[in-house]
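When you get a sec, could you build the whole thing from the sequences and use the hints?
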Amino acid sequence: MKPAERLAELNLHLPPIPKPGGVYKPVVVAGGMAYVSGHVSRGADGQLITGRVGGDLTLEQGRDAARQVGLAILAALQHELGTLNRVKRLVKSLGMVNAAPDFTQHPQVINGYSELMADVFGADHGVGARSAVGMGTLPSNVAVEIEAIFEVTA
Amino acid sequence: MKPAERLAELNLHLPPIPKPGGVYKPVVVAGGMAYVSGHVSRGADGQLITGRVGGDLTLEQGRDAARQVGLAILAALQHELGTLNRVKRLVKSLGMVNAAPDFTQHPQVINGYSELMADVFGADHGVGARSAVGMGTLPSNVAVEIEAIFEVTA
Amino acid sequence: MKPAERLAELNLHLPPIPKPGGVYKPVVVAGGMAYVSGHVSRGADGQLITGRVGGDLTLEQGRDAARQVGLAILAALQHELGTLNRVKRLVKSLGMVNAAPDFTQHPQVINGYSELMADVFGADHGVGARSAVGMGTLPSNVAVEIEAIFEVTA
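Taken in sequence, the protein lines are chains A, B and C.
Yeah, the first sequence ends on 154 if you go by my numbering, and it's all consecutive.
Yeah, the second sequence ends on 154 if you go by my numbering, and it's all consecutive.
Yeah, the third sequence ends on 154 if you go by my numbering, and it's all consecutive.
Treat the hints with care, since some could be wrong.
In silico DSSO-like links for lysine-lysine, alpha-carbon gap of 30 Å or less [as the list claims (entries may be wrong)]:
1. B:Lys19 x B:Lys2
2. C:Lys2 x C:Lys88
3. B:Lys25 x C:Lys88
4. A:Lys88 x A:Lys19
5. B:Lys2 x A:Lys2
6. B:Lys25 x C:Lys2
7. C:Lys19 x A:Lys25
8. B:Lys19 x C:Lys88
9. C:Lys25 x A:Lys2
10. A:Lys25 x C:Lys25
11. A:Lys19 x B:Lys25
12. C:Lys88 x A:Lys88
13. B:Lys2 x A:Lys19
14. B:Lys2 x A:Lys88
15. A:Lys25 x A:Lys88
16. B:Lys2 x B:Lys25
17. C:Lys25 x C:Lys88
18. C:Lys25 x C:Lys2
19. B:Lys88 x C:Lys88
20. A:Lys2 x A:Lys19
21. C:Lys19 x B:Lys19
22. C:Lys2 x C:Lys19
23. A:Lys2 x A:Lys25
24. A:Lys2 x C:Lys2
25. B:Lys2 x B:Lys88
26. A:Lys2 x A:Lys88
27. B:Lys25 x C:Lys25
28. A:Lys25 x B:Lys88
29. B:Lys25 x B:Lys88
30. B:Lys88 x B:Lys19
31. A:Lys25 x B:Lys25
32. C:Lys19 x A:Lys88
33. C:Lys19 x C:Lys88
So the derived label-pair ranges between C-beta atoms look like this [to be verified]:
34. B:His79 x C:Ala4: 49 to 59 Å
35. C:His79 x B:Lys19: 52 to 62 Å
36. B:Pro18 x A:Glu5: 15 to 25 Å
37. C:Ala4 x A:Lys2: 34 to 44 Å
38. A:Lys2 x B:Leu14: 40 to 50 Å
39. B:Asp56 x A:Glu60: 28 to 38 Å
40. A:Asp102 x C:Gly82: 36 to 46 Å
Hints in this document: simulated from the structure, not taken from any laboratory.
Positions of the beta carbon are idealized from the N, C-alpha and C atoms, including for glycine.
Dropping the structure here:
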């Protein structure tokens, strides 16, 4: 099943594309790869999901925030590429968690994003290389920010 | 107008290339991309710009520091490529801010770098994908460090 | 001398491949590049090397931790590629240090990894672009995590 069909089957609703909050493009395609800017966590209502995971937010809330980032990235890719069917595979992601000073479960947080990608693009093409780490601070105190590279067809 | 001409028109003076402070190359070209190492903030006098943005430094000082990193990256690219005219476009940047614990305006800081790139390479080719985030610490307590990928011609 | 021979000459013993601690692949090859997931510091006994460099751990212990990450990355590459001889060059690394709040010597820590890569792949092909920075937190409180991109042959 192709990603666009799979998206429909999963009944996923992609959020609107926010205006870039700085001098950058949400997605740049070059050399057969789509480079996706860091996307931040927003709820279904479009409001930022803020706070430190392991402090202000629970692990489960952090996972949900990471999943929301994934939906925003899918929306940005669909907008840039015309269709998600142009995605060949997820290549690499950098999952950045706004974590409390003693937090240690970053991979479990970013799994919320990674499981979504596996659902949409499949257990092979939807699973990429990844780092899941804790930042000192994130813009607007968002809970999660993720950037990624996808291989795409022309 | 080509980047090298635009650089002259803007009357920008590129700083000298510092000796790498570790076992790395400032720029590696592979697969049609120039991968640029993390460059750190130095003033026009070559001295490191240090301190936490939102604490030791104001937002405006952080922006200036980010712009200085941009000049250093242009210098490194010019040195490696022979001419900036080999740059096809800015693909992706990771802007890393040494931010105070409650700082939230990372995108505005990194815009100092991004606006320079847009000035030199143009509003399309000079604007790439980007993340702008806050680190726990940076080498020598520099205010800003940025790494980037540029698409280049052979 | 080819990397696999060099590895034997150096008498380096590569560690076993740990099971991924999340939804990701250790290495993804796409577009002529091997994208290597963030690998974390483990001792020769397989136990995680944890703690903040410049606090719980000395600079020298941090360097050793970074070298161990390098061995883990070599093991992952060898497993994915069949042989390290398919590596053309190290392109780029992001060295992430779990550093004490006042730590400033991140490049010296990550040199432990970079010197290993130079030993195995040579002073040209084994030295890539790099950033060496300090994170807020890392998974399981590991001392060092490094992700990298290598150019590979088909």
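Open item on the list: Of all the hints numbered above, which does this structure not satisfy? Sort the numbers upward.
Closed with: Hint check: 5, 7, 11, 14, 21, 24, 34, 35 and 36 fail, others pass.
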